[in-house]
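Asker: Residues per chain are reported as follows:
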Amino acid sequence: MNAWLRLSRSWRAYSSLATRSMQNTLAYRLSYVVNFASSFVLLIAMYALWNAIYAGREELAGMSWAQMKTYLIISFISNSLLSYYSETRISGKILDGSVSADLLKPLDFQKARLAETLGSTVIEGGLTVIITATVLAAASGIFKPDFIHSLLFILSVLASLLVKFGIVYIAGLLCFWSTGSLGIVWARMAVTSLFSGALVPLSFFPSWLEKLSLVLPFQGIVHTPASIYLEEVNVWGALGLLALQCAWVCVLWLCGKLMWSWAVRQITIHGG
Amino acid sequence: MSFIEIRQLTKQFRQAVKEPGLAGAVKHLFSQKYVDKTAVAGINLDIEEGETVAYVGPNGAGKSTTIKMLTGILVPSSGTISVGGIDPYRNRMENARTIGAVFGQRTQLWWDIPISETFSLLKDIYEIPEPLYKRNLEQFIELLGMKDFLHLTARRLSLGQRMRADLAAALLHNPRTVYLDEPTIGLDIAVKQRIREFIRASNQERGTTVMLTTHDLGDIEDLCSRLVIIDQGSLIYDGTLAAVKDRFARERVIHFQLEKADLPALREALDRMPKVTAEKLERQHVSLRFDRFHITASEVASAVMRCGEVIDFRIDEPGIEHVIKQVYEGRISLDEQHADKQTAAGTEANRR
Amino acid sequence: MSILRSTRRTLFLYRRLFSTQLKAILEYQTDFFIMIISAVLTQLLGIVFLWVVYNRIPDINGWTFWEVVFMYAMIYLTEGFGSLFFEGTWRLGGLVNRGELDVMLLRPVSPILQVLANGIGMNGIGNIVIGFIMIGQALTKVDLHWSFGKLVIAILLIITAVAIRVSINLAANTSAFWIKNAGNAFPIMIHNLGEFAKYPITIFSMGIQLLVAVLVPFAFVSFFPAYYLFDKSTSPWIWLAPPVAAIYCGAVAYLLFRIGLRKYESAGN
Numbered sequence: 001m002n003a004w005l006r007l008s009r010s011w012r013a014y015s016s017l018a019t020r021s022m023q024n025t026l027a028y029r030l031s032y033v034v035n036f037a038s039s040f041v042l043l044i045a046m047y048a049l050w051n052a053i054y055a056g057r058e059e060l061a062g063m064s065w066a067q068m069k070t071y072l073i074i075s076f077i078s079n080s081l082l083s084y085y086s087e088t089r090i091s092g093k094i095l096d097g098s099v100s101a102d103l104l105k106p107l108d109f110q111k112a113r114l115a116e117t118l119g120s121t122v123i124e125g126g127l128t129v130i131i132t133a134t135v136l137a138a139a140s141g142i143f144k145p146d147f148i149h150s151l152l153f154i155l156s157v158l159a160s161l162l163v164k165f166g167i168v169y170i171a172g173l174l175c176f177w178s179t180g181s182l183g184i185v186w187a188r189m190a191v192t193s194l195f196s197g198a199l200v201p202l203s204f205f206p207s208w209l210e211k212l213s214l215v216l217p218f219q220g221i222v223h224t225p226a227s228i229y230l231e232e233v234n235v236w237g238a239l240g241l242l243a244l245q246c247a248w249v250c251v252l253w254l255c256g257k258l259m260w261s262w263a264v265r266q267i268t269i270h271g272g
Numbered sequence: 273m274s275f276i277e278i279r280q281l282t283k284q285f286r287q288a289v290k291e292p293g294l295a296g297a298v299k300h301l302f303s304q305k306y307v308d309k310t311a312v313a314g315i316n317l318d319i320e321e322g323e324t325v326a327y328v329g330p331n332g333a334g335k336s337t338t339i340k341m342l343t344g345i346l347v348p349s350s351g352t353i354s355v356g357g358i359d360p361y362r363n364r365m366e367n368a369r370t371i372g373a374v375f376g377q378r379t380q381l382w383w384d385i386p387i388s389e390t391f392s393l394l395k396d397i398y399e400i401p402e403p404l405y406k407r408n409l410e411q412f413i414e415l416l417g418m419k420d421f422l423h424l425t426a427r428r429l430s431l432g433q434r435m436r437a438d439l440a441a442a443l444l445h446n447p448r449t450v451y452l453d454e455p456t457i458g459l460d461i462a463v464k465q466r467i468r469e470f471i472r473a474s475n476q477e478r479g480t481t482v483m484l485t486t487h488d489l490g491d492i493e494d495l496c497s498r499l500v501i502i503d504q505g506s507l508i509y510d511g512t513l514a515a516v517k518d519r520f521a522r523e524r525v526i527h528f529q530l531e532k533a534d535l536p537a538l539r540e541a542l543d544r545m546p547k548v549t550a551e552k553l554e555r556q557h558v559s560l561r562f563d564r565f566h567i568t569a570s571e572v573a574s575a576v577m578r579c580g581e582v583i584d585f586r587i588d589e590p591g592i593e594h595v596i597k598q599v600y601e602g603r604i605s606l607d608e609q610h611a612d613k614q615t616a617a618g619t620e621a622n623r624r
Numbered sequence: 625m626s627i628l629r630s631t632r633r634t635l636f637l638y639r640r641l642f643s644t645q646l647k648a649i650l651e652y653q654t655d656f657f658i659m660i661i662s663a664v665l666t667q668l669l670g671i672v673f674l675w676v677v678y679n680r681i682p683d684i685n686g687w688t689f690w691e692v693v694f695m696y697a698m699i700y701l702t703e704g705f706g707s708l709f710f711e712g713t714w715r716l717g718g719l720v721n722r723g724e725l726d727v728m729l730l731r732p733v734s735p736i737l738q739v740l741a742n743g744i745g746m747n748g749i750g751n752i753v754i755g756f757i758m759i760g761q762a763l764t765k766v767d768l769h770w771s772f773g774k775l776v777i778a779i780l781l782i783i784t785a786v787a788i789r790v791s792i793n794l795a796a797n798t799s800a801f802w803i804k805n806a807g808n809a810f811p812i813m814i815h816n817l818g819e820f821a822k823y824p825i826t827i828f829s830m831g832i833q834l835l836v837a838v839l840v841p842f843a844f845v846s847f848f849p850a851y852y853l854f855d856k857s858t859s860p861w862i863w864l865a866p867p868v869a870a871i872y873c874g875a876v877a878y879l880l881f882r883i884g885l886r887k888y889e890s891a892g893n
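Protein chains in written order, with our numbering: chain A, 1 to 272; chain B, 273 to 624; chain C, 625 to 893.
Bear in mind the hints are in silico, worked out from the structure with no lab data behind them. Since we're looking at a predicted model, the values are computed, not measured. Don't take every hint at face value.
[As the list claims (entries may be wrong)] Straight-line distance between alpha carbons at most 20 Å, and here's what the computed SDA-like set of lysine to any residue pairs gives:
hint: 1; chain 1: A; residue 1: Lys211; chain 2: C; residue 2: Phe673
hint: 2; chain 1: B; residue 1: Lys305; chain 2: C; residue 2: Trp802
hint: 3; chain 1: B; residue 1: Lys395; chain 2: C; residue 2: Trp802
hint: 4; chain 1: C; residue 1: Lys647; chain 2: B; residue 2: Pro386
hint: 5; chain 1: C; residue 1: Lys804; chain 2: A; residue 2: Lys111
hint: 6; chain 1: A; residue 1: Lys93; chain 2: A; residue 2: Val33
hint: 7; chain 1: B; residue 1: Lys290; chain 2: A; residue 2: Gly126
hint: 8; chain 1: C; residue 1: Lys887; chain 2: B; residue 2: Glu291
hint: 9; chain 1: C; residue 1: Lys887; chain 2: B; residue 2: Pro386
hint: 10; chain 1: A; residue 1: Lys111; chain 2: A; residue 2: Val33
hint: 11; chain 1: C; residue 1: Lys804; chain 2: B; residue 2: Pro386
hint: 12; chain 1: B; residue 1: Lys299; chain 2: A; residue 2: Gly126
hint: 13; chain 1: C; residue 1: Lys887; chain 2: B; residue 2: Ser349
hint: 14; chain 1: A; residue 1: Lys257; chain 2: A; residue 2: Phe36
hint: 15; chain 1: C; residue 1: Lys804; chain 2: B; residue 2: Leu424
hint: 16; chain 1: B; residue 1: Lys305; chain 2: A; residue 2: Gly126
hint: 17; chain 1: C; residue 1: Lys804; chain 2: B; residue 2: Asp384
hint: 18; chain 1: A; residue 1: Lys211; chain 2: A; residue 2: Ala247
hint: 19; chain 1: B; residue 1: Lys395; chain 2: C; residue 2: Phe636
hint: 20; chain 1: B; residue 1: Lys290; chain 2: A; residue 2: Trp186
hint: 21; chain 1: C; residue 1: Lys804; chain 2: A; residue 2: Val33
hint: 22; chain 1: A; residue 1: Lys257; chain 2: A; residue 2: Ala247
hint: 23; chain 1: A; residue 1: Lys93; chain 2: C; residue 2: Thr634
hint: 24; chain 1: C; residue 1: Lys765; chain 2: C; residue 2: Phe636
hint: 25; chain 1: C; residue 1: Lys856; chain 2: C; residue 2: Trp802
hint: 26; chain 1: C; residue 1: Lys804; chain 2: B; residue 2: Glu291
hint: 27; chain 1: C; residue 1: Lys804; chain 2: B; residue 2: Phe285
hint: 28; chain 1: C; residue 1: Lys647; chain 2: B; residue 2: Val347
hint: 29; chain 1: B; residue 1: Lys290; chain 2: C; residue 2: Lys765
hint: 30; chain 1: A; residue 1: Lys211; chain 2: C; residue 2: Trp675
hint: 31; chain 1: C; residue 1: Lys804; chain 2: B; residue 2: Gln598
hint: 32; chain 1: C; residue 1: Lys804; chain 2: B; residue 2: Val289
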């Protein structure tokens, strides 16, 4: 009985964190629109660039222009589920020292940050998905997968969100070692951009680079969901990729946990 | 024309009204409501050069808003301000050269460099001539006891140290006017005294005009000759501190320590004495509050001594705090001062 | 005060305020190597992306690899100068929201100067170094006709490019006067428009070209200098365009700041 009570109480604590995060995100409505516009700009730049690259060409690295267009939009969706704003909230807490206040709360830091992130993702990501899904449906030449693949795609997107959280969380914790700069976050963004396939599909890479990217967790953010959507793998292949994503989610979560307890020891010994 | 002249100064703010909770946040996305709030409502004030003025009022009364307008960082909704002949908003930089300011909660020190570097930077910013800079700095370091932490960055200072450094920074360039917004908030008594002495010295030696907003009534007693009270945007009192004390800080409390008091006799005596209330009436401790315009301390003491052997006694003189508290609570309207004047004069005449 | 004297005083005060920031950072942020490395990484990975693409195609709209690298590098180089010397523009939001701008307004120094000199971003060093290396490489690898005049103009174009970048940064950050919250992403959105200017803007639609050439003139940071230097232009006077754009951007930034400041002073914080 006690265990249930504790579970429901802690669930309520985390979900109220999520709700409050949603409220906050809504409160800054102009800022949200601007955030969205900001990443949309990057999508347009990429789209136009690839349009020019594909000018007069049927296919590149095994992808047609139709597939490429689709890829860019999927990449955009996968990437914008966890915004820069959400990310800097985590690293911000560590950089400005307010993390020591969180030590006093009866909440698991990692779970709490996940709750907050999910809260703002519902709003930010939700609207993004609606808008881009509308564009996808309306625009021509956009690839549409069959039912099974669509389903697996949605699951993969959810998994990619958790993978991204895992990476972002660890990068945020690494800020313990930086003395006040977002340098680590920017480095993470650059590395993630390239190795997740957000900038260019991994199939464009020379094979050694492509192989390297496939063993890293970043490909779980864009490459995996995009591959499933474009039906580049069959159902079994998709399930395998999903399993890999989930494995990465667990590995990243555990790494995060370990790093956190290490960090806590640092704070409590050195006084933040 | 006085040195600082304020005429019909008014400031209104627009504030967004939002309902709480998630529903309210969503609603606010679509329709925004605003309400006008008047922070300062047409005040008039004259301050001569060299005066030390205490600007007092409950939280939200409009003190900080007035100071911000005086320093030129907030534009009035209407009305005029003139400081030494300069409009602080229209000629902000010209005015800035002649003023210093300390805002209690915020610092003007650069956060990550040693205090001594901050001072050096200010010397360049205010174009302070080298000999004046040296002289002031030496004097300030001595008066404020800053030698121990001159080399520390502002980040590493305690609140008391930071306030002292901020004060030095504000006065380094010998401004004509200095605005102090809660300069002693949160400080311990030793630091408070140092700061008060420093401000007093500056005022007396250099004729700096001081305008001080504070909740600490000890600051007022120590530093200011004039008291201006603002409440809900309007001035409700403007006069000398002495006048206020004479009118209102009339009550005294005498605490007696007795061997064995004859309480029934004492109570009877109390009934016969005008405007005396017993705060404590026990066999060995008696505390009586009386109005000195109605009865003298010796009369009260004699009455008590007739009812028991007095071992020890002490007289409390409640300060300006008592008055201000009553004004805040709305219990005295400061127009009463006219009525009481007559009562006091009448009583004095009667007694003679 | 004469123009000469006030210019000297401005430069003097900028130098003093900037060295204050430098001292502060040397005291506290001993990890700026992380920042420099992350800037280097970002720029290099961007060029890796270009290289991956150019591995499969010979040119984009007639522009070769090194020509596009030049444009990339100009964007990053100017970003580096902006970060190293004028990082303060990015801190304007914080100043406004925490009321720290008040302290600056109390001083007899131009608030714009104080804002510009209010920060230092060591990552700028990484961008500047790699940027110059890449520009150097591009200018040697591309076949062009050099002359003394062209060299002088090249230097001028780099200077105007920095001026344009800083003006746009400042203008974008004045949004803090209107958008009063900590998560203001407007400046970042404007900054991201620079993404378009990494490539020859002729590959984009007319709308985008107007956006990046007129509204937020990043094109004068990279594209037009490239246009001139790589002899792709039909007009020999095209090199005058970036300096004119620099003056235009500076004026707009100054105006927006003054308007925003007036709003700040009427509403308090």
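Asker: Hint by hint, note whether the structure agrees.
Answerer: Hints and how they fare:
1. Proposed proximity of lysine 211 (chain A) and phenylalanine 673 (chain C) is supported: the alpha carbons are some 16 Å apart, at most 20 Å.
2. The hinted pair formed by lysine 305 (chain B) and tryptophan 802 (chain C) meets the criterion: a straight-line CA distance of about 17 Å does not exceed 20 Å.
3. For the proposed pair lysine 395 (chain B) and tryptophan 802 (chain C), the alpha carbon gap of about 34 Å is over 20 Å, so the pair is violated.
4. A hinted pair counts as satisfied when its Cα atoms are at most 20 Å apart, and lysine 647 (chain C) with proline 386 (chain B) qualifies at roughly 10 Å.
5. Restraint check: the Cα-Cα separation between lysine 804 (chain C) and lysine 111 (chain A) comes to about 30 Å, which exceeds 20 Å; the hinted pair is violated.
6. Between lysine 93 (chain A) and valine 33 (chain A), the direct Cα distance comes to roughly 24 Å. Violation of the 20 Å bound is thereby established for this hinted pair.
7. Annotation: proposed proximity of lysine 290 (chain B) to glycine 126 (chain A) is violated, straight-line Cα distance about 24 Å (limit 20 Å).
8. Of the pairs offered as hints, the one joining lysine 887 (chain C) and glutamate 291 (chain B) is violated, with about 26 Å between alpha carbons and a cut-off of 20 Å exceeded.
9. This hinted pair does not check out: lysine 887 (chain C) and proline 386 (chain B) have alpha carbons roughly 34 Å apart, beyond 20 Å.
10. Restraint check: the Cα-Cα separation between lysine 111 (chain A) and valine 33 (chain A) comes to about 27 Å, which exceeds 20 Å; the hinted pair is violated.
11. With a C-alpha separation of about 32 Å, the suggested pair lysine 804 (chain C) and proline 386 (chain B) falls outside the 20 Å cut-off, and the hint is violated.
12. Restraint check for lysine 299 (chain B) and glycine 126 (chain A): the C-alpha separation of about 18 Å stays at or below 20 Å, so the hint holds.
13. For the suggested pair lysine 887 (chain C) and serine 349 (chain B), the alpha carbons sit about 12 Å apart, so the restraint of at most 20 Å is met.
14. For the proposed pair lysine 257 (chain A) and phenylalanine 36 (chain A), the alpha carbon gap of about 31 Å is over 20 Å, so the pair is violated.
15. For a cut-off of 20 Å, the pair hint linking lysine 804 (chain C) to leucine 424 (chain B) is broken: about 33 Å separates their Cα positions.
16. Taking the CA atoms of lysine 305 (chain B) and glycine 126 (chain A), the gap is about 27 Å. The hint is violated against a cut of 20 Å.
17. Under the criterion of a C-alpha separation no larger than 20 Å, the hint pairing lysine 804 (chain C) with aspartate 384 (chain B) is inconsistent with the structure, at around 26 Å.
18. Restraint check: the Cα-Cα separation between lysine 211 (chain A) and alanine 247 (chain A) comes to about 18 Å, which is no more than 20 Å; the hinted pair holds.
19. Only pairs whose Cα atoms come within 20 Å are accepted, and lysine 395 (chain B) paired with phenylalanine 636 (chain C) is accepted, the gap being roughly 13 Å.
20. As the CA atoms of lysine 290 (chain B) and tryptophan 186 (chain A) are separated by approximately 36 Å, the hinted pair breaks the 20 Å bound.
21. Of the pairs offered as hints, the one joining lysine 804 (chain C) and valine 33 (chain A) holds, with about 14 Å between alpha carbons and a cut-off of 20 Å not exceeded.
22. With a CA separation close to 15 Å, the supplied pair lysine 257 (chain A) and alanine 247 (chain A) stays within the 20 Å bound.
23. Between lysine 93 (chain A) and threonine 634 (chain C), the direct Cα distance comes to roughly 37 Å. Violation of the 20 Å bound is thereby established for this hinted pair.
24. A threshold of 20 Å between alpha carbons decides the hint, and for lysine 765 (chain C) with phenylalanine 636 (chain C) the separation of about 40 Å lies outside it, so the pair is violated.
25. For the proposed pair lysine 856 (chain C) and tryptophan 802 (chain C), the alpha carbon gap of about 42 Å is over 20 Å, so the pair is violated.
26. Restraint check for lysine 804 (chain C) and glutamate 291 (chain B): the C-alpha separation of about 19 Å stays at or below 20 Å, so the hint holds.
27. About 15 Å separates the Cα atoms of lysine 804 (chain C) and phenylalanine 285 (chain B), which keeps this hinted pair within 20 Å; it holds.
28. Using a Cα cut-off of 20 Å, the hinted pair lysine 647 (chain C) and valine 347 (chain B) is violated, with the two alpha carbons roughly 35 Å apart.
29. For the proposed pair lysine 290 (chain B) and lysine 765 (chain C), the alpha carbon gap of about 61 Å is over 20 Å, so the pair is violated.
30. Between lysine 211 (chain A) and tryptophan 675 (chain C) the alpha-carbon distance is near 18 Å, which keeps this suggested pair within the 20 Å criterion.
31. Pair hint lysine 804 (chain C) plus glutamine 598 (chain B) does not hold up; C-alpha atoms about 39 Å apart against a cutoff of 20 Å.
32. A threshold of 20 Å between alpha carbons decides the hint, and for lysine 804 (chain C) with valine 289 (chain B) the separation of about 16 Å falls inside it, so the pair holds.
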